[in-house]
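**Q** So the chains spell out like this:
There are 2 protein chains.
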Amino acid sequence: MSKTILFKNRPKGKPATSDFEIISEEDPKPAEGEILLEAKYISVDPYLRGRMRDEKSYIPPFELGKPLESMVVAEVVESNNSNFEKGEYVSGMLQWKQLQTSNGQGLNKVHKELAPPSAFLGVLGLTGLTAYLGLDKIGKLKEGETLVVSGAAGAVGSIVGQIGKIKGCRVVGIAGSDEKVDHIKEKFGFDEGINYNTTKSMKKAISEACPDGVDVYFDNVGGEILDAVLQNVNKDARIINCGAISLYNETEVPTGPRPEGILIKKTALMQGFLIRDHAKDFGTALKQLGAWLQEGKLKYDETVVEGFEKLPEAFIGLFEGKNTGKMVVKV
Amino acid sequence: MSKTILFKNRPKGKPATSDFEIISEEDPKPAEGEILLEAKYISVDPYLRGRMRDEKSYIPPFELGKPLESMVVAEVVESNNSNFEKGEYVSGMLQWKQLQTSNGQGLNKVHKELAPPSAFLGVLGLTGLTAYLGLDKIGKLKEGETLVVSGAAGAVGSIVGQIGKIKGCRVVGIAGSDEKVDHIKEKFGFDEGINYNTTKSMKKAISEACPDGVDVYFDNVGGEILDAVLQNVNKDARIINCGAISLYNETEVPTGPRPEGILIKKTALMQGFLIRDHAKDFGTALKQLGAWLQEGKLKYDETVVEGFEKLPEAFIGLFEGKNTGKMVVKV
Chain Y
1 MSKTILFKNR PKGKPATSDF EIISEEDPKP AEGEILLEAK YISVDPYLRG RMRDEKSYIP
61 PFELGKPLES MVVAEVVESN NSNFEKGEYV SGMLQWKQLQ TSNGQGLNKV HKELAPPSAF
121 LGVLGLTGLT AYLGLDKIGK LKEGETLVVS GAAGAVGSIV GQIGKIKGCR VVGIAGSDEK
181 VDHIKEKFGF DEGINYNTTK SMKKAISEAC PDGVDVYFDN VGGEILDAVL QNVNKDARII
241 NCGAISLYNE TEVPTGPRPE GILIKKTALM QGFLIRDHAK DFGTALKQLG AWLQEGKLKY
301 DETVVEGFEK LPEAFIGLFE GKNTGKMVVK V
Chain H
1001 MSKTILFKNR PKGKPATSDF EIISEEDPKP AEGEILLEAK YISVDPYLRG RMRDEKSYIP
1061 PFELGKPLES MVVAEVVESN NSNFEKGEYV SGMLQWKQLQ TSNGQGLNKV HKELAPPSAF
1121 LGVLGLTGLT AYLGLDKIGK LKEGETLVVS GAAGAVGSIV GQIGKIKGCR VVGIAGSDEK
1181 VDHIKEKFGF DEGINYNTTK SMKKAISEAC PDGVDVYFDN VGGEILDAVL QNVNKDARII
1241 NCGAISLYNE TEVPTGPRPE GILIKKTALM QGFLIRDHAK DFGTALKQLG AWLQEGKLKY
1301 DETVVEGFEK LPEAFIGLFE GKNTGKMVVK V
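Going line by line, the protein sequences match chains Y and H.
In terms of the numbering used here, the first sequence is numbered consecutively and its last residue is 331.
In terms of the numbering used here, the second sequence is numbered consecutively and its last residue is 1331.
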């Protein structure tokens, strides 16, 4: 018998453990051409909250009563497919199951010699790719510019900031505690950090931390922090709308100051970014990220929660700021 | 004696004629190297409202007690400058004066053989350039796409729509009366028009007028119309934030639904556009606009108000929808 986590209720507001159900099932058997996968590390990510809504989006919503899914690193424990050997590790969009079968489509090999397996869910996975390609495609960072990133101690944010430093920019991070602010400066080399939970005027704090104004803002949170950054942008600023975690649990349409006046005055750009649109650039980006990692220029944090059954709690923890860096569950 | 219009009060909300003062002065005399200009046509434009605020922006604010300025077509009535001949027409950013001197800097010759002089304030002036370059630089219109434009019967909007048709797009215009809606369809060839003053749900009306969704939105108005368009954008939509006339007279910070969620979901782009940043492309753009005009592919409207003293009223009329197409004052 092995365990599966089903999606039980569409959450209103913040998800609760009661929105998930853990069941036991007979172990699956791989058919001809299939492999049997044992999950090793499972990624929990804020964007999964979007799939819990019953609305059309860029990925279909999760179905009630069906298993959830996210990026998973798994070991091939049985193989009826000549492309995969028993004992190999792979990563891919897989179900929240301890054991599952796959025909191998959409799976990537995990090169354990390059980095620990869990890194393939983070710095060498969609997280690192999002940071790298979001900055590249929309941010178009230039040396000497000022880069601000929110969710700065988070998985994407901490890599964004380090790439900013590699590119010769002033980098300011926004995070939710003094510990996180210290951490991004000490470990990741950010020039400045702002704790939004203890800062009265974010507009003023950003202005002080960015004496030359903000050229690029990598936004993981949306909402009032975005408003405050907008009031500090330079001419021709670029805002990468990568996430809006501050709004994901809202039950009403969130409102705020209209941005169009500032966008016009500053000829600034705001553009949404989804990593899934950029698959053709993954190879180049991973090569660069891997090189920086090997050279010691790129560090990363992981918050590892142990135990398959802890997946719902780990996911909910994302909305409580419980992670530093990439949150993964070790099965 | 000749007349000048001074800026008397910074308006709160909608400007009033009492914010302006008309005075009489001695006729100016051109010094060595200068010319004497007699204003023939004076442009009034919504963006001038921004210069009436005492705040840092892309152009310095108007000073109280000093003459206002805008684009003007003028005749050279005296010349002490070998680059200009008496009787020539020029256009440039000039003061609201019947007579003024200039050293010739920043003035462009008006080629009266190509089009009537007032056209150089409109279709062959900043208006046409804004439509053409806004669509080109940010809109990146592709054949077969759907283009929506607000302020569609206005100076910029009517040209935007016609360029959309020339490029092979479905073009939907938003305007403030049934007459304007009929007009943009009949004269300018728009496929559909929406009267926002009589439409209950703009979201639904746009959805019906754009069965394939909105690819490009040329926004001259901001506010609730922008909100409604955003709810209908396609993946990778481009929004040109060219104007926000619906907000220019607001005295409080205008609020509305936050756009970041939609921008992410649709990987859509919003970018502010200011024509003054694109001077290096004016030549190419004017050549194309001139050619389309000669070929009869580009039509334009003018609302001509007669009399120098009517400048304040004409300007205020912009915020009351009194213009169809470019509003100019004939001196």
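A few of these clues could be false.
[Stated by the list, open to error] Below are the BS3-like pairs computed for lysine-lysine, each with C-alpha atoms no more than 25 Å apart in a straight line:
(1) LYS1137(H) x LYS66(Y)
(2) LYS140(Y) x LYS265(Y)
(3) LYS1299(H) x LYS265(Y)
(4) LYS1185(H) x LYS265(Y)
(5) LYS1014(H) x LYS265(Y)
(6) LYS56(Y) x LYS1014(H)
(7) LYS12(Y) x LYS1265(H)
(8) LYS235(Y) x LYS1287(H)
None of these hints come from the bench; they were simulated from the model.
**Q** Go through the numbered hints given earlier and state which of them the structure violates, listing their numbers in rising order.
**A** Hints 1, 3, 4, 6, 8 are the ones this structure does not satisfy, whereas the remaining hints hold.
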